[in-house]
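Chemist: Let's have the full structure, built from the sequences with the hints guiding it.
Quick mapping for you: the protein sequence lines, in order, are chains B and G.
Using the working numbering, the first residue of the first sequence is number 28, and each one after it goes up by one.
Using the working numbering, the first residue of the second sequence is number 16, and each one after it goes up by one.
Keep in mind the hints are simulated off the structure, nothing from the lab.
Treat the hints loosely; a few may be bogus.
[To be verified] Cut-off 25 Å, straight-line C-alpha distance, at most; resulting in silico cross-link-like pairs (DMTMM-like, lysine to aspartate or glutamate):
1) B/232 to B/182
2) B/275 to B/227
3) G/23 to B/227
4) B/219 to B/263
5) B/47 to B/267
6) G/23 to B/269
7) B/232 to G/104
8) G/23 to B/384
9) B/270 to B/286
10) G/23 to B/245
11) B/183 to B/269
12) B/270 to B/280
13) G/23 to B/244
14) G/23 to B/220
15) G/23 to B/249
16) B/422 to B/384
17) G/23 to B/182
18) B/368 to B/407
It should be emphasised that the depicted structure is a prediction, and the values quoted were computed from it without experimental measurement.
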Amino acid sequence: MSIRYITGCNAAAEAVRLAKVEVIAAYPITPQTHIVQSISNDVFNGKLPAEFVAVEGEHSAMSAAVGASMTGARAFTASSSQGLAYMHEVLFYAAGLRAPVVMAVANRSMASPVSIFVDHQDSLPQRETGFLQYYAENCQDILDLILLAYKVGEDKRVLLPVMVCFDGFYLSHVSEPVDVPDADSINRFLPKDPKYPYLDVQNPKLFNVMAFPEHYEELSRDRYVSMAEAAKVFDEANIEFEKLVGRKHNRIETYMMEDAEYALVGLGSIMGTTRVVVDLLRESGQKVGMVSIKSYRPLPVLELSEILAKCKGVGVLDRDVAFGTGGIVYQDISRCLINRKENICMRNFILGIGGRDVTIPVIRKCFLALIENKETENCDVYWPGENASLWSAWKENR
Amino acid sequence: MKHPWNDKSPLSAWYPGGYSEMKDPKVSRTIRPVFDNSKCIKCNMCYIYCPDGCIIRDDKYSVNYIYCRGCGVCAKECPRGAISMIREDKV
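Modeler: Structural data, given as structure tokens:
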């Protein structure tokens, strides 16, 4: 165990080294490039006994990782934004073939217009592919969640691929003190023992065959049930992780929620800022709290429902836009609070799009809008970080 | 052959190896290649071009009809016209 001052990308690469990944297939894209750059250096210098496949695109990167996983090897890939969108088709293959590939996603907004800065518009639309999705709040989370991802994904009750997402630049390029566990404890935590049907010359199999209507639904349902199991497996894995490494991760992290009347829910690095605002507002006597979702798929529906139902008002911070309805996370949080007797005021805050900085005043504005229960023009969607002068100038010319 | 999915969870959709050999592939073929070995010069053009690798190269060349889909590429490529495509119902 040693504390090192490294960036989020290097923390991800460190996790890959500790997990003794055997096949890495990736294509460079900002802001994820440093991960595979660091790994490829290690493979080239012989520090990591793995196969590095330099592919011609992200579609091939995920295909190669799935292929490697189907031979029983531990596989890794990483991408962002357009690359992840280009992978989209193969994400379904990875989940359908039950290949426990782990991928890192450094979140970046989608073109057009071209932007390299963070929002969750790339990974959140991939939430229905059958991938587990974990969101990191800081660089330590990135390292730990990748290790946990292999543990959960490879468990024979789960056998699904995992995406570990973290904010581009805010986490990927920012250095933080990261506690890197020693190799021995991780070797004990992640033994290499594939427990799924994989390609084997002694016992040949034909994978990815056609399924007709009498079987397809049950194959999908099996994945759905495994996704629910993944929540249980994540908690079990954490007990073991805590014993070996001394840290614990919850599927949802709560802060000051014991007596909170108003809460903000969200994911990613903005939740760190939200904690600070909670402290500031608590000083002035406001009963506020926050919930940070670490495991977005599977979504801890019951846990969120129990915690949020005690509040008078719940605001959802969305670093994404679901065009035509509101925010993606908002839809999921609404689903947690449906069919309950309590009358909870819900508000949707869309902020930090295309890398716009989410500062303390912006989060404070969200809390105040929630507490004052302010009505907007036509719906429950607020844009607290708006560039108001630009927007009103545009509105006049529409 | 019993379907492997009916009693045990398969996780993903897969069959045991050799599954295609156990099915009757004649249904997907309307014409089949037939060798005239008196014309054949063993030039291997059919062997090289066959997309499914069905040409059997023994003393006399022949076709593995389990795998042959009847595409006719071998007959088209044969420089001596030693392969003719015959309708399945005329065999």
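Chemist: For the pair supplied as a hint, residue 23 of chain G and residue 227 of chain B, confirm whether the alpha-carbon distance does not exceed 25 Å.
Modeler: holds, 20 Å
Chemist: Could you grab the alpha-carbon distance between residue 23 of chain G and residue 384 of chain B and see if it respects the 25 Å cut-off?
Modeler: violated, 52 Å
Chemist: Quickly compare the C-alpha distance for residue 232 of chain B and residue 182 of chain B to 25 Å and report which way the hint goes.
Modeler: Cα-Cα ~21 Å, so holds.
Chemist: Taking only the CA atoms, is the gap from residue 183 of chain B to residue 269 of chain B under or equal to 25 Å?
Modeler: holds, 21 Å
Chemist: Take the C-alpha atoms of residue 232 of chain B and residue 104 of chain G, compute the straight-line distance between them, and say whether it is at most 25 Å.
Modeler: This hinted pair is violated, its Cα atoms lying about 34 Å apart.
Chemist: Starting from residue 23 of chain G, check that the Cα of residue 220 of chain B is at most 25 Å away, please.
Modeler: holds, 21 Å
Chemist: For the pair we were handed, residue 23 of chain G and residue 269 of chain B, check the Cα-Cα distance against 25 Å.
Modeler: Violated, at roughly 35 Å.
Chemist: Is residue 23 of chain G close enough to residue 245 of chain B, meaning Cα to Cα at most 25 Å?
Modeler: holds, 12 Å
Chemist: Is the hinted pair residue 23 of chain G and residue 249 of chain B satisfied, with a Cα-Cα distance of at most 25 Å?
Modeler: holds, 12 Å
Chemist: For a C-alpha distance cap of 25 Å, please report whether residue 270 of chain B and residue 286 of chain B respect it.
Modeler: It is violated: about 30 Å lies between the C-alpha atoms, which goes past 25 Å.
Chemist: With the threshold set at 25 Å, check whether the alpha-carbon distance from residue 275 of chain B to residue 227 of chain B stays at or below it.
Modeler: Between residue 275 of chain B and residue 227 of chain B the Cα gap is close to 37 Å, so the pair fails against 25 Å, i.e. violated.
Chemist: If you draw a straight line from the CA of residue 368 of chain B to the CA of residue 407 of chain B, is it 25 Å or shorter?
Modeler: holds, 20 Å
When each numbered hint is compared with the structure, violations occur for hints 2, 6, 7, 8 and 9.
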